[in-house]
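*Asks:* In order, the protein sequence lines correspond to chains A and B. Numbering of the first sequence is given in our numbering, commencing with residue 197 and proceeding in unit increments. Numbering of the second sequence is given in our numbering, commencing with residue 197 and proceeding in unit increments.
Because the hints were derived from the structure by calculation, they are not lab data. Treat the hints with care, as some may be off.
Because identical chains cannot be distinguished in the list, a pair is counted as satisfied if it fits within a single copy or across any two copies.
Simulated pairs of lysine to any residue, SDA-like, Cα-Cα distance not exceeding 20 Å [as the list claims (entries may be wrong)]:
{"no.": "1", "residue 1": "346", "residue 2": "382"}
{"no.": "2", "residue 1": "344", "residue 2": "211"}
{"no.": "3", "residue 1": "199", "residue 2": "393"}
{"no.": "4", "residue 1": "199", "residue 2": "240"}
{"no.": "5", "residue 1": "344", "residue 2": "265"}
{"no.": "6", "residue 1": "346", "residue 2": "305"}
{"no.": "7", "residue 1": "313", "residue 2": "210"}
{"no.": "8", "residue 1": "199", "residue 2": "397"}
{"no.": "9", "residue 1": "290", "residue 2": "323"}
{"no.": "10", "residue 1": "346", "residue 2": "211"}
{"no.": "11", "residue 1": "198", "residue 2": "252"}
Number of protein chains: 2
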Amino acid sequence: MKKVELIHTPALLPLYNLTDKTVIVVDILRATSTMCVAFNTGVNKILPVSLPDECKMFKDFDFIIAAERNAVKIPGFDMGNSPFEFENPFLSGKNIAFTTTNGTKAIKLAKAMNPSKILIGSFLNISAVAKYVMAQDKDAVILCAGWKDKYNLEDTLFGGALLDKLQSWAVMDDDASISAHCLYKQYENNLESIVRKSSHANRFKLLNMQTDDVSFCLQQDIYSFVPEMSGEYIVNTQEEVGSRA
Amino acid sequence: MKKVELIHTPALLPLYNLTDKTVIVVDILRATSTMCVAFNTGVNKILPVSLPDECKMFKDFDFIIAAERNAVKIPGFDMGNSPFEFENPFLSGKNIAFTTTNGTKAIKLAKAMNPSKILIGSFLNISAVAKYVMAQDKDAVILCAGWKDKYNLEDTLFGGALLDKLQSWAVMDDDASISAHCLYKQYENNLESIVRKSSHANRFKLLNMQTDDVSFCLQQDIYSFVPEMSGEYIVNTQEEVGSRA
């Protein structure tokens, strides 16, 4: 039987071995959810970038540039990090260079640790992710992007939900997985009630932002594809564009 | 209103500010539970030490030396880390130099961050800890010792239980606290059922050890004192020795 582990934040990555494992990176609010939306819109590929200055340079290479820090779009960029922005049909066929506070950082760190695959997970494509993980026949690690290296509720909750789908396929006996699964089981019928209490939902409220982003990102299985890293890019090899219910 | 935060593991300490806060260090299985037992037996003071070699030197200064690594007593030391060992009346009035895998490390790290006080928390004295924290009128931080810098269930569960007692006194809106409190509320009537699933309980089982330690350490409020750091030592200023119900 395979093993699945859960890592609460990228700050704990040095304690784990990702070599030859399937890694699922998750940043529910909002980077990995937004990436799924982008591929559904028909984006060609996404380049995760660490720093805004570096990201900006890709404008000269015909990339759409998207940047968010502290939940806000950085001025001078084409786009921020709200899923609704990425539904714009204009993006179809385009390449995006993307930098966010937590999600793109987690992806870059995971890539440095020789995993077998890096998958982009969100509630929007959770069943497809579970199916794809099981098809790999490798140990797996769920990497929560967290918030500035701290634990967050919504990524852990996703971790618990994914573990729930993987439990007949894998052993999950690390304490972080047990706890994430408990949290999910307690709220599986009302994810929004707990996520609305989270610091990130409060951050949106304080910024007077589109809190529709929260409800949007908690929808399950509106997409049936799994974006994944290929070289330096995130691509959607399964290409089921336009599959939104 | 004061604020209470929870830190899942010492690896995340650099993300927090402990200055002038009350810090409650917790290592349920078993260091902080065992320290409470030691003070109930009448131990004079405990010196937390980082390394076994350093700990051993204190034998020459008339200390009892206690050392545990990976849940096992280190050969050549007087004692390990089981609470039952520290019920020996021979220890009354003695000084102990103590090094453990997680608990003493967490205490030493917290001390370097200028907290107002460092308290020793366990289920054995949880109500006394809550009362003492509220009497300080300072923001507080619950520091889980974890297992080798990873998240663990039993310390988080204690954190949730302590937060439950502090919720009318303090704001607790960080995601780690919300989640720990949820976990506790789900298992408050049967802590042992979830702790028995934990990796540390499994570690005891694999080592064929006294798993009575688990049941012992989950007893609530058998002591009404709170050991705390004073200089380099842990002392029991409240001196209610022999208060075990």
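*Asks:* A separate judgement is required for each hint: does it hold in the structure or not?
*Replies:* The hints, checked one at a time:
1. 346 x 382: neither (22 Å within a copy, 23 Å between copies)
2. 344 x 211: both (18 Å within a copy, 9 Å between copies)
3. 199 x 393: Classified as between; 16 Å across copies, 31 Å inside a copy.
4. 199 x 240: neither (33 Å within a copy, 46 Å between copies)
5. 344 x 265: Within one copy only: 10 Å inside a chain, 32 Å across chains, cut-off 20 Å.
6. 346 x 305: Both ways: residue 346 and residue 305 sit 15 Å apart in one copy and 18 Å across, limit 20 Å.
7. 313 x 210: within (18 Å within a copy, 30 Å between copies)
8. 199 x 397: Close across copies (19 Å), not inside one copy (32 Å); limit 20 Å.
9. 290 x 323: neither (27 Å within a copy, 59 Å between copies)
10. 346 x 211: For residue 346 and residue 211, both the intra-copy (15 Å) and inter-copy (7 Å) Cα distances are at most 20 Å.
11. 198 x 252: neither (41 Å within a copy, 42 Å between copies)
When held up to the earlier numbered hints, the structure conflicts with 1, 4, 9, 11 and fits the remainder.
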